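Chains Z and P, in that order, are what the protein sequence lines are.
Quick note on numbering: the first sequence equals residues 1 to 265 in the numbering used here.
Quick note on numbering: the second sequence equals residues 1001 to 1273 in the numbering used here.
One-sided and incomplete, this derived list gives chain Z residues near chain P with beta-carbon spacing under 8 Å:
# : residue
1 : Y100
2 : M104
3 : H134
4 : T152
The calculated lysine to any residue pairs, modelled on SDA-like cross-linking and capped at a C-alpha distance of 20 Å, are:
# : chain 1 : residue 1 : chain 2 : residue 2
5 : Z       : K113      : P       : G1177
6 : Z       : K76       : P       : R1174
7 : Z       : K245      : Z       : V230
None of these hints come from the bench; they were simulated from the model.
What you are looking at is a predicted structure, and each value in this text was computed from that prediction instead of being measured.
From the three backbone atoms N, C-alpha and C, an ideal C-beta is built for every residue, glycine too.
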Amino acid sequence: MNDGVRVAARHLGMRFSLRGADLVALDDVNLQVRDREFCCIVGPSGCGKSTFIRILAGLERQTAGELHVEVRDPAKPLTAMVFQEQSIFPWMTVEENVGYGLRMRGVHASVRKRVVDHYLEKVGLAHFARAYPHQMSGGMKQRASVARAFATDPEILIMDEPFASVDEQTRALLQEELLRVWESDRKTVVYITHSIDEALVLGDRVIVMSARPGRVKAEIAVTLPRPRSVYDLKSTPEFSELVAKVWEPLRREVLAGYGALGAAS
Amino acid sequence: MTVKVQTARSQRRLGPARMGGVAAERLISVGSPILLLVLWEALGRLGLVDVRFFPPPSAIAGTFAKLIASGELLDQTRISLGRVVIGFLIGAVPGVVLGLVMGMSRIVRAALNPMVGALYPIPKSAILPLLLLIFGIGEPSKYAIVASGVFFLVLLNTIAGVLSIEPVYLDVGRNFGAGRLQAFWTIALPGALPLVFTGIRLAWGIALILIVVGEMFASQSGLGYFINNMYQTFQVEKMYAGLIVMSVIGYVSFLILDELQRWLIPWRGARAV
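Can you make the complete structure from the sequences, with help from the hints?
Structure (structure tokens):
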């Protein structure tokens, strides 16, 4: 494996059979994610980006090709995922939720408490440690979900449109927070989003996927300096240039996606 | 412009009116049963209702006090409560355990669903004769009738509880390295608990009905026997005393269940199911 490459997908393919019909979600996906890279994947709805991430998270198994994940420290979990939907357990307090991965790995309670407190502080939920999720807003639940994933200190952090269901102001805040947390302990991140802005604000590199069947269509290096500020960044000419660069290949895929939908219905 | 003025006024008027409404509601809630008792007493004394069937509340209260003092009613109550609790546990514990297993395993579900589907709709009072044949007239037949009613309600609600758990929670478990047993304790059980508890509440109500049925037809003790016996010997006041005890047991036990639910399912907030 190339030096510094943590995730490598080679000819990765995924077929489902849905009510007898054969559905190709991923077809010949080739991509690499480097060590400590924040890699964003954008693509039209239904392009199989979630499927890719579920394979990476060990929740599905591909039907073709291979996926290599380089293990640097066998003591650490391979991946930890922040899910798109509400995935914080309603029956656990915030601190129990954030400590869940550590508890499943048998980490001692005192160590767990230290790590949990650290990340609760980082995502601004220190005062809500003993609260139950039903007492919190959607944005706060996603913060807890992010803290839960960071707390296990995984080799690869996976995020599947984690801020898709919160309002725009909250999303900007959460992005700022995520950047702050990530910049202080740079993990390798694979981040799925359908928002070009979000991909450019957060990522070191943006991978554009094609409409179904999902393939890698383009890769754009995000050359914007760090640390980044979500609001300031968006008004720079460099940012606008990058938006155009990502939008060009993506536009064709979105249109192709509509075409496919039109043909299907 | 006119609309604006009217809105402000009506809102101001609404505030105090609503406060008064709450107090009035409470007064009515307390007053209406008292009024009913007074009316009942008056009608009885005036000879407008047949006191053989509707003895005046004062007479019932006197009989009730005597029965409590002699210990007779409390003994019968203790016997019935012991039976209903034991029968309930015999039905509920396997109901929860089997329900969790059936909820988690498609194969077990497929294997047992036909039997559950066939046995659940049979009214449990209808199998009392069969239970008497099997268990005899002693205590086990009382446990069995209660347990048979409790088991299915708890079982079906527990299965529904496990099936209602969002798949993403199981994904979280797998992604964060939970084993099968860990997933059971940290996800399946707490995730199913709200519906398990709904089943337990329904089952408790059924248990109280079934113990009375069992005791009426096949027992020489317990509240069901007592009520039936007083009916057959035409001691109507004592029969009413038995009914009062049943009412109190039902009311108090559901208060206890509410409290238990708040303690067991704190993430549900203040709302009871």
